[in-house]
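Construct the entire structure; sequences and hints are all you get.
Quick note, the sequences are listed as chains Z and Y, same order. Residue 36 in the numbering used here is what sits at position 36 of the first sequence, and the numbering runs on without skipping anything. Residue 129 in the numbering used here is what sits at position 129 of the second sequence, and the numbering runs on without skipping anything.
There may be inaccurate statements among the hints.
To be verified - Residues from chain Z that face chain Y, not an exhaustive set, calculated with beta carbons under 10 Å:
| # | residue |
| --- | --- |
| 1 | 76 |
| 2 | 80 |
| 3 | 110 |
| 4 | 114 |
| 5 | 116 |
| 6 | 127 |
Just so you know, these hints were derived from the structure itself, not from any lab. Predicted, not measured: the structure shown is a model, and the values here were computed from it. Glycine residues also receive a C-beta, built at the ideal position from the N, C-alpha and C atoms.
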Amino acid sequence: MKLPLTGGCLCGALRYEVTEPPVMTYACHCSDCQRITSSAFSLAITVPDAAFRLTNGEPRVVERVADSGRTVARWLCPECGCWIAGGPQPGAARGQRIRRVRAGTLDDRSWLRPTAHFWTRSKQPWVVLPEGSQIFETQPG
Amino acid sequence: MRIEGGCLCGAVRYAAEADPSSATVCHCRDCQKFTGSAFATLVAVPKEALTLNGTLKTFSGLGGSGKPILRLFCPECGSSIAEEPGTRPGMVILNIGTFDNPALAKPGREIFRDDALPWIEVHGDIPRFAKRAG
Numbered sequence: 001m002k003l004p005l006t007g008g009c010l011c012g013a014l015r016y017e018v019t020e021p022p023v024m025t026y027a028c029h030c031s032d033c034q035r036i037t038s039s040a041f042s043l044a045i046t047v048p049d050a051a052f053r054l055t056n057g058e059p060r061v062v063e064r065v066a067d068s069g070r071t072v073a074r075w076l077c078p079e080c081g082c083w084i085a086g087g088p089q090p091g092a093a094r095g096q097r098i099r100r101v102r103a104g105t106l107d108d109r110s111w112l113r114p115t116a117h118f119w120t121r122s123k124q125p126w127v128v129l130p131e132g133s134q135i136f137e138t139q140p141g
Numbered sequence: 001m002r003i004e005g006g007c008l009c010g011a012v013r014y015a016a017e018a019d020p021s022s023a024t025v026c027h028c029r030d031c032q033k034f035t036g037s038a039f040a041t042l043v044a045v046p047k048e049a050l051t052l053n054g055t056l057k058t059f060s061g062l063g064g065s066g067k068p069i070l071r072l073f074c075p076e077c078g079s080s081i082a083e084e085p086g087t088r089p090g091m092v093i094l095n096i097g098t099f100d101n102p103a104l105a106k107p108g109r110e111i112f113r114d115d116a117l118p119w120i121e122v123h124g125d126i127p128r129f130a131k132r133a134g
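Structure representation (structure tokens):
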């Protein structure tokens, strides 16, 4: 992995960079993630919010109450609809906030490997989880 | 089989007569970006077999074939709903994650496996193509 990590949406209107290594890489198989990605799961890296910076464009911010009961904000490209990141995690002290970045929008995904899978109780049966993954039926505590 | 589905926020709903028993798992870069995930899972239906309620926004790009591909998404919540590839006039490709019951879909082939994240494994004895199929 080479820092800064860079990425962006499909049409290129939104671009971002991440200047610190991800804290975690995970896949989420919840039904909301299946809907919004339209795929079988979402794929995310979590990074310190202070290490994330938009370098181009203005996202559309959409808020929604998730299955977990938490309100999550999503940053979308208004032009091509790509979901590039979440908002900064609410509640945490400034400086400890993390941000989830949608890993499919990274320019270099060669190093990407989730170590945890969330909400596997709604996982599609044909997705094979790599051996050694941490598996959570719902959300980790 | 009748398939019903829609976006995350509910602004867009659809119903289609489709056969989801042989879906295509596409690992191409554009599908990774459009989904924000590792791959798209796709079921093709003739346009006349699809009823849409709500307004979709469209992004036009170039597909792997070099022909245009329209990507349709909900302008409210961003959910990726469908594609209209220039290579297959008259067809709409639905993305199975927006089905009310995505488990109806079973992968029948993988394409653009060259771009796949190396840890992705799709279960089943199905054809797998490095690029486009055939």
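Hint by hint, here is what the structure shows:
1. 76: OK, holds: residue 76 of chain Z within 10 Å of chain Y, min 4 Å.
2. 80: Nearest chain Y Cβ about 4 Å off; hint holds.
3. 110: It holds, given that the least Cβ distance between residue 110 of chain Z and chain Y is near 8 Å, below 10 Å.
4. 114: Hint holds; residue 114 of chain Z Cβ to chain Y Cβ min 8 Å, cut 10 Å.
5. 116: With a closest approach of 13 Å, the residue 116 of chain Z hint is violated.
6. 127: holds (7 Å)
Figure legend: structure checked against the earlier numbered hints; the only hint not met is number 5.
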